[in-house]
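Colleague: Turn these sequences into a full structure, and let the hints steer you where they fit.
This is what each chain is made of:
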Amino acid sequence: KQEVTQIPAALSVPEGENLVLNCSFTDSAIYNLQWFRQDPGKGLTSLLLIQSSQREQTSGRLNASLDKSSGRSTLYIAASQPGDSATYLCAVSNTGGFKTIFGAGTRLFVKA
Amino acid sequence: EPEVTQTPSHQVTQMGQEVILRCVPISNHLYFYWYRQILGQKVEFLVSFYNNEISEKSEIFDDQFSVERPDGSNFTLKIRSTKLEDSAMYFCASTRDRGTEAFFGQGTRLTVV
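Chains as they are written, first to last, in my numbering: chain C, 18 to 129; chain R, 1337 to 1449.
Accuracy of the hints is not assured; some may be wrong.
[Claimed, not checked] Cut-off 25 Å, straight-line C-alpha distance, at most; resulting in silico cross-link-like pairs (SDA-like, lysine to any residue):
hint, chain 1, residue 1, chain 2, residue 2
1, C, K18, R, Q1373
2, C, K85, R, S1394
3, C, K59, R, Q1442
4, C, K116, R, E1392
5, R, K1378, C, G33
6, C, K59, R, S1394
7, C, K116, R, Q1400
8, R, K1393, C, G113
9, R, K1393, C, D44
10, C, K59, R, F1401
11, C, K116, R, T1412
12, C, K85, C, L64
Hints in this document: simulated from the structure, not taken from any laboratory.
Modeller: Encoded structure:
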């Protein structure tokens, strides 16, 4: 049964710092991995999607990597800003691509 | 920008009542999903739907739950007889194709009293 773990559970950093969020999953037979952002009481916003055949994806200040064989992904946020404060969720889809399992998230607070 | 819309944003219902949560996925998307998030817990997969049938469902999605695409735009989740533990935020999502970027709605907060 696929399990997704995210470390750390919470993180507080000063503005401008570069940071890394970690995600691990127990079953390497995935279809893809997606990073989301969730603001309090709101829906999920897709940040980056990495297909199982890819190693990384970049969008602006965000870079996500995937090491499928070791069951790990990292989300790198460069030059963090207070507006980055949110919960970041990692999610993996099974081999069929129809079922997605989420981690519990990393709650990020960026201090001005 | 196209978005997934969900109605209502908040629904309060009595235990044992039926509820229908509604979603309008992005118009050219073909795959539809329901998730739920109990307060303070992980987002949990409920069901995926493609070509007018369920593609996959979780153990949470028992006989009390059903999904339907009654017309070309709406995608609904019905809970037949609500329980207190069904109280959660329910999210609808859609993807253009299998395994592509998922777009989520803002959610319906269901409170069962």
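Colleague: Evaluate each hint against the coordinates.
Modeller: Verification of the hints:
1. K18/C with Q1373/R: Cα-Cα ~19 Å, so holds.
2. K85/C with S1394/R: It holds: about 24 Å lies between the C-alpha atoms, which stays within 25 Å.
3. K59/C with Q1442/R: holds (6 Å)
4. K116/C with E1392/R: Roughly 7 Å separates the two Cα atoms, so the pair holds.
5. K1378/R with G33/C: It is violated: about 29 Å lies between the C-alpha atoms, which goes past 25 Å.
6. K59/C with S1394/R: Distance of about 23 Å is within 25 Å: holds.
7. K116/C with Q1400/R: holds (20 Å)
8. K1393/R with G113/C: holds (12 Å)
9. K1393/R with D44/C: holds (19 Å)
10. K59/C with F1401/R: holds (23 Å)
11. K116/C with T1412/R: Between K116/C and T1412/R the Cα gap is close to 18 Å, so the pair holds against 25 Å.
12. K85/C with L64/C: holds (19 Å)
Taken one by one, the earlier hints fail for this structure only at number 5.
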